[in-house]
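Participant: Starting from the known structure of chain G, fit chain C onto it as the hints suggest.
Protein chains: 2
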Amino acid sequence: MNQYDICLIGFGNVGKAFAELLEKKADHLLKEHSVGFRITAIATGSHGNAINLQGITATAAIAAYQHGDLASLSTESIEDDMVGFIRASRADFLVETSPVDYQTGQPAIMHIQSALSAGMHAVSANKGPVVHAYQFLTELAEKNRRRFLFESAVMDGAPVFSVFREALPGAKILGFEGILNSCTNLLIEKMESGASFDDAVAYAQSIGIAETDPSGDIDGWDAAIKVAALVTVLMGVPLKPQQVDRTGIRAIGPDMIEQAKVAGKRWKLVCKAELNDGKISASVQPEMVPSTSPLFAVNGTSSLVVFRTDVLPGLGILESNPGPDTTAYGLLADMLNILKTG
Amino acid sequence: MNQYDICLIGFGNVGKAFAELLEKKADHLLKEHSVGFRITAIATGSHGNAINLQGITATAAIAAYQHGDLASLSTESIEDDMVGFIRASRADFLVETSPVDYQTGQPAIMHIQSALSAGMHAVSANKGPVVHAYQFLTELAEKNRRRFLFESAVMDGAPVFSVFREALPGAKILGFEGILNSCTNLLIEKMESGASFDDAVAYAQSIGIAETDPSGDIDGWDAAIKVAALVTVLMGVPLKPQQVDRTGIRAIGPDMIEQAKVAGKRWKLVCKAELNDGKISASVQPEMVPSTSPLFAVNGTSSLVVFRTDVLPGLGILESNPGPDTTAYGLLADMLNILKTG
Numbered sequence: 001m002n003q004y005d006i007c008l009i010g011f012g013n014v015g016k017a018f019a020e021l022l023e024k025k026a027d028h029l030l031k032e033h034s035v036g037f038r039i040t041a042i043a044t045g046s047h048g049n050a051i052n053l054q055g056i057t058a059t060a061a062i063a064a065y066q067h068g069d070l071a072s073l074s075t076e077s078i079e080d081d082m083v084g085f086i087r088a089s090r091a092d093f094l095v096e097t098s099p100v101d102y103q104t105g106q107p108a109i110m111h112i113q114s115a116l117s118a119g120m121h122a123v124s125a126n127k128g129p130v131v132h133a134y135q136f137l138t139e140l141a142e143k144n145r146r147r148f149l150f151e152s153a154v155m156d157g158a159p160v161f162s163v164f165r166e167a168l169p170g171a172k173i174l175g176f177e178g179i180l181n182s183c184t185n186l187l188i189e190k191m192e193s194g195a196s197f198d199d200a201v202a203y204a205q206s207i208g209i210a211e212t213d214p215s216g217d218i219d220g221w222d223a224a225i226k227v228a229a230l231v232t233v234l235m236g237v238p239l240k241p242q243q244v245d246r247t248g249i250r251a252i253g254p255d256m257i258e259q260a261k262v263a264g265k266r267w268k269l270v271c272k273a274e275l276n277d278g279k280i281s282a283s284v285q286p287e288m289v290p291s292t293s294p295l296f297a298v299n300g301t302s303s304l305v306v307f308r309t310d311v312l313p314g315l316g317i318l319e320s321n322p323g324p325d326t327t328a329y330g331l332l333a334d335m336l337n338i339l340k341t342g
Numbered sequence: 001m002n003q004y005d006i007c008l009i010g011f012g013n014v015g016k017a018f019a020e021l022l023e024k025k026a027d028h029l030l031k032e033h034s035v036g037f038r039i040t041a042i043a044t045g046s047h048g049n050a051i052n053l054q055g056i057t058a059t060a061a062i063a064a065y066q067h068g069d070l071a072s073l074s075t076e077s078i079e080d081d082m083v084g085f086i087r088a089s090r091a092d093f094l095v096e097t098s099p100v101d102y103q104t105g106q107p108a109i110m111h112i113q114s115a116l117s118a119g120m121h122a123v124s125a126n127k128g129p130v131v132h133a134y135q136f137l138t139e140l141a142e143k144n145r146r147r148f149l150f151e152s153a154v155m156d157g158a159p160v161f162s163v164f165r166e167a168l169p170g171a172k173i174l175g176f177e178g179i180l181n182s183c184t185n186l187l188i189e190k191m192e193s194g195a196s197f198d199d200a201v202a203y204a205q206s207i208g209i210a211e212t213d214p215s216g217d218i219d220g221w222d223a224a225i226k227v228a229a230l231v232t233v234l235m236g237v238p239l240k241p242q243q244v245d246r247t248g249i250r251a252i253g254p255d256m257i258e259q260a261k262v263a264g265k266r267w268k269l270v271c272k273a274e275l276n277d278g279k280i281s282a283s284v285q286p287e288m289v290p291s292t293s294p295l296f297a298v299n300g301t302s303s304l305v306v307f308r309t310d311v312l313p314g315l316g317i318l319e320s321n322p323g324p325d326t327t328a329y330g331l332l333a334d335m336l337n338i339l340k341t342g
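For the protein sequence lines, the chains are G and C, in the order given.
Every letter in the first sequence is one number past the one before it in this note's numbering, and letter 56, counting from 1, is 56.
Every letter in the second sequence is one number past the one before it in this note's numbering, and letter 72, counting from 1, is 72.
One thing to keep in mind: the hints can contain errors.
[Unchecked claim] Only pairs whose alpha carbons sit at most 25 Å apart, straight line, appear in this in silico SDA-like list of lysine to any residue:
(1) G:Lys16 with G:Asp101
(2) G:Lys24 with C:Leu174
(3) G:Lys172 with C:Thr104
(4) G:Lys272 with G:Met235
(5) G:Lys24 with C:Asn276
(6) C:Lys272 with C:Thr104
(7) G:Lys172 with G:Asn276
(8) C:Lys143 with G:His33
(9) G:Lys272 with C:Gly300
(10) G:Lys265 with G:Ser291
(11) C:Lys172 with G:Leu29
(12) C:Lys265 with G:Ser215
(13) G:Lys265 with G:Pro290
(14) C:Lys265 with C:Ser291
(15) G:Lys272 with C:Thr301
(16) G:Lys265 with C:Gln243
(17) C:Lys24 with G:Arg165
(18) C:Lys172 with C:Gly314
(19) C:Lys279 with C:Gln243
(20) C:Lys24 with G:His33
(21) G:Lys143 with C:Ser34
(22) C:Lys31 with G:Arg308
(23) G:Lys261 with C:Glu258
(24) G:Lys340 with C:Leu140
(25) G:Lys190 with G:Arg165
(26) G:Lys272 with G:Asn299
(27) G:Lys265 with G:Asn276
(28) G:Lys16 with C:Gly314
(29) C:Lys172 with G:Ser34
Note that these hints are calculated values from the structure, not bench results.
This is chain G alone, in the form it adopts within the complex:
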């Protein structure tokens, strides 16, 4: 058996789900993959940090987090700055789950850079580093003979990146269309059931789908950064969220919802990208889609992307009922794929 130590950045819903998934899957990982994973360092924004080279269990971490004091689990002295903390963790993997920054991708980029430079693999659920530093971090990883993967950054644990990297050699992506933002999809659905925009937002906030400031979702930034990530990585053309032609869902009112219903259609925030003559055009726009479109039945927080490639005219990947567990699985899958291919 090979034992690997993990430095976990962020201990929100995803970080907790990841710690629990590792324990739930421990027997399977040992039996099928001959590996054991152990979290030996956790850093949080405001609940303290811990390094414990004996390993930190999910239960202990959750309890300490609830008391606002992860530092109580630490057996080592903790560096003040994150670069020092990551280096001091001496882990094999960095698992990055800090909140996204749409404009800069920081501080996640710095975390990943520190890990790769210190000889760790880095896996991330954060879109920021993918759109703002994909090439830099991938080259840095190669230089250090390590890997940087980020399956969970788009569509949680659904294999949108790995299916092309691992399973579909030789396929060239020419474009895609999809629904990539769960929050707006849920908001529109609530409005279809008669809720006002504000009530829909309040509901989405109450179940943890919308943030306190929901503008990142509503104005299409989250969708745009996901489009940019897919284009950058899968189509090989660096694209920033600002370059995506972007309209959010603020203009969709009860009359428009009604108009769609009468026509047997639904409003959806549709993400698109196309490669034409070597140039990318990308957009995020509300569209009325008919029931004959695969986008029509993407309900609630589900998501779907349909790729057009030179060898498969239409390949769709659908994710339904995602949650923090799903994102956590994407992180674990990245780690196992790294170990598989070395």
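Facilitator: What follows is chain C alone, placed relative to chain G:
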């Protein structure tokens, strides 16, 4: 560069598309994968066989096939029996595209067995060997340090097998639901547009989707063998098509089509499998699905399967606009995946 020779069994639409795809992708394969592929043997049911160790181009093969005489391309004496032919080809890969036999899986099983025993890898678009000899052929491959893969056997080139094998380590499949037979899906759609059952069948035959005897599709055998293949390989429980609770689409008449339309629903031939307490229940049955189901918008010859796994509650794979090219790509992807993982 590594050069690999291919023995191709079957030169129907898929075999031809495969030969053309190899030539279309030759530059890419050389540049990105440092490999070259060459077809050095072709066997057909009734258009002769050829072995030519200098390589047979797609153009030459198609021309010779049209004249009903592949043997004119042969530079070697040709064995009468297929076991001898495959062995004499001295190829690195067997590519199997012979027609399916639902009940026995032959002669494809024998072709693949001969290839593996002679030290070749085998890739197949044929469902028969998968449901009737998966374990036997996989063990034989392991014994000979070769691989047996069959991505194109279900949903053409869409990565239903490879996504779990290559991209989703540690995921356990608990069940699935989908539309796996293109022909019946197209027939129902034609009936929705007002065609009679017989007219719909005639149309499907005219575009090459239905066979002269379309009962394999209409009575649900093709769907059942695909369900059996997915269960056998992905859920690890050997299942024969005969064990799938199967009803075809013969009972669906104009009144039922109308009834569904009034209810805002569509008839679909729905494939299902569930694992409960270690036991599999599997079915192929017509169902009226509502527009809120992802199955509703599966149009024409498209197909969709939604898996329920322990780590991803709903992961769907959608294929739209498939054709012989798509199946051919699945064969090539299998070959590249074999070379990647050795």
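Participant: Work down the list of hints and note, for each, if the structure agrees.
Facilitator: Against the structure, the hints:
Proximity of lysine 16 (chain G) to aspartate 101 (chain G) is assessed by CA-CA distance (about 21 Å); at most 25 Å being required, the pair is judged to hold. As the CA atoms of lysine 24 (chain G) and leucine 174 (chain C) are separated by approximately 16 Å, the hinted pair is consistent with the 25 Å bound. Annotation: proposed proximity of lysine 172 (chain G) to threonine 104 (chain C) is violated, straight-line Cα distance about 37 Å (limit 25 Å). For the proposed pair lysine 272 (chain G) and methionine 235 (chain G), the alpha carbon gap of about 13 Å is at most 25 Å, so the pair holds.
Between lysine 24 (chain G) and asparagine 276 (chain C) the CA atoms are separated by roughly 20 Å; this keeps the pair inside 25 Å, and the hint holds. With a CA separation close to 23 Å, the supplied pair lysine 272 (chain C) and threonine 104 (chain C) stays within the 25 Å bound. In summary, the hint linking lysine 172 (chain G) to asparagine 276 (chain G) is supported, as the alpha carbons are separated by about 13 Å, within the 25 Å threshold. Pair hint lysine 143 (chain C) plus histidine 33 (chain G) holds up; C-alpha atoms about 21 Å apart against a cutoff of 25 Å.
Note on lysine 272 (chain G) and glycine 300 (chain C): the hinted pairing holds, with a Cα-Cα distance of about 23 Å set against a maximum of 25 Å. About 6 Å separates the Cα atoms of lysine 265 (chain G) and serine 291 (chain G), which keeps this hinted pair within 25 Å; it holds. About 12 Å separates the Cα atoms of lysine 172 (chain C) and leucine 29 (chain G), which keeps this hinted pair within 25 Å; it holds. In summary, the hint linking lysine 265 (chain C) to serine 215 (chain G) is not supported, as the alpha carbons are separated by about 36 Å, beyond the 25 Å threshold.
Restraint check for lysine 265 (chain G) and proline 290 (chain G): satisfied, since their Cα atoms lie roughly 5 Å apart, inside the 25 Å limit. Only pairs whose Cα atoms come within 25 Å are accepted, and lysine 265 (chain C) paired with serine 291 (chain C) is accepted, the gap being roughly 6 Å. A hinted pair counts as satisfied when its Cα atoms are at most 25 Å apart, and lysine 272 (chain G) with threonine 301 (chain C) qualifies at roughly 24 Å. Using a Cα cut-off of 25 Å, the hinted pair lysine 265 (chain G) and glutamine 243 (chain C) is violated, with the two alpha carbons roughly 40 Å apart.
A distance of roughly 21 Å separates the Cα atoms of lysine 24 (chain C) and arginine 165 (chain G); the hinted pair therefore holds under the 25 Å criterion. For a cut-off of 25 Å, the pair hint linking lysine 172 (chain C) to glycine 314 (chain C) stands: about 12 Å separates their Cα positions. In summary, the hint linking lysine 279 (chain C) to glutamine 243 (chain C) is supported, as the alpha carbons are separated by about 12 Å, within the 25 Å threshold. For a cut-off of 25 Å, the pair hint linking lysine 24 (chain C) to histidine 33 (chain G) is broken: about 38 Å separates their Cα positions.
At most 25 Å may separate the alpha-carbon atoms for a hinted pair to count; lysine 143 (chain G) and serine 34 (chain C) meet this at roughly 22 Å. Among the hinted pairs, lysine 31 (chain C) with arginine 308 (chain G) is consistent with the structure: their alpha-carbon atoms are about 22 Å apart, no more than 25 Å. This hinted pair checks out: lysine 261 (chain G) and glutamate 258 (chain C) have alpha carbons roughly 21 Å apart, not beyond 25 Å. Between lysine 340 (chain G) and leucine 140 (chain C) the CA atoms are separated by roughly 24 Å; this keeps the pair inside 25 Å, and the hint holds.
About 36 Å separates the Cα atoms of lysine 190 (chain G) and arginine 165 (chain G), which puts this hinted pair outside 25 Å; it is violated. Distance check on the hinted pair: lysine 272 (chain G) and asparagine 299 (chain G) sit about 19 Å apart at the alpha-carbon level, within 25 Å; holds. Between lysine 265 (chain G) and asparagine 276 (chain G), the direct Cα distance comes to roughly 29 Å. Violation of the 25 Å bound is thereby established for this hinted pair. Restraint check for lysine 16 (chain G) and glycine 314 (chain C): the C-alpha separation of about 21 Å stays at or below 25 Å, so the hint holds.
Restraint check: the Cα-Cα separation between lysine 172 (chain C) and serine 34 (chain G) comes to about 17 Å, which is no more than 25 Å; the hinted pair holds.
Against the hints set out earlier in the document, violations occur for numbers 3, 12, 16, 20, 25 and 27.
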